[in-house]
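Visitor: Sequence:
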Amino acid sequence: MTLLPSVGIEVLVFVSEPWEFGTECGVGPFPSTIVDVRTDALLLELRVPIEYRGARLQTLVARARHAPGTIALLTSEGHLAANLAFLRSPMTTLSQATDAARVGIVPAIGSIDAVV
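Just add 742 to wherever you are in the sequence shown, counting from 1, and you've got the numbering used here.
It should be emphasised that the hints constitute simulated quantities derived from the structure, not laboratory data.
Everything numeric in this text was worked out from a predicted model, so none of it was measured.
We put the beta carbon where it would ideally sit given N, CA and C, even for glycine.
There's no promise every hint is true.
Label pairs and their computed distance ranges (CB to CB) [what the hints assert, rightly or not]:
| id | residue 1 | residue 2 | range |
| --- | --- | --- | --- |
| 1 | 765 | 818 | 21 to 29 angstroms |
| 2 | 791 | 857 | 14 to 22 angstroms |
| 3 | 765 | 810 | 27 to 35 angstroms |
| 4 | 771 | 795 | 19 to 27 angstroms |
| 5 | 857 | 781 | 20 to 28 angstroms |
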């Protein structure tokens, strides 16, 4: 059985791309809390919102960057290489975030680390 991360767990977000994100906001760590979980995605709320190119970013969706595409690596290894989608509007569920992706996201690449 694969264990997924739990809602309420604290994690650290790091951003490696785009370069401009790191130049403007830093690369992290950005302390965050898991607010929703699916096998293929996490919804995270940043403890402190990020201002990037005139947008206030407070929530993001993280998906595994490499096969097998599950976020369970965060639980088993404490680290997840991730595709990140910072949302321009606060969200509380992954289903809301999926709908929000059509409205506007800030895409990024980075990683999520479990807080130990």
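Visitor: Out of the numbered hints, which ones does the structure contradict?
Guide: The structure breaks only hint 1.
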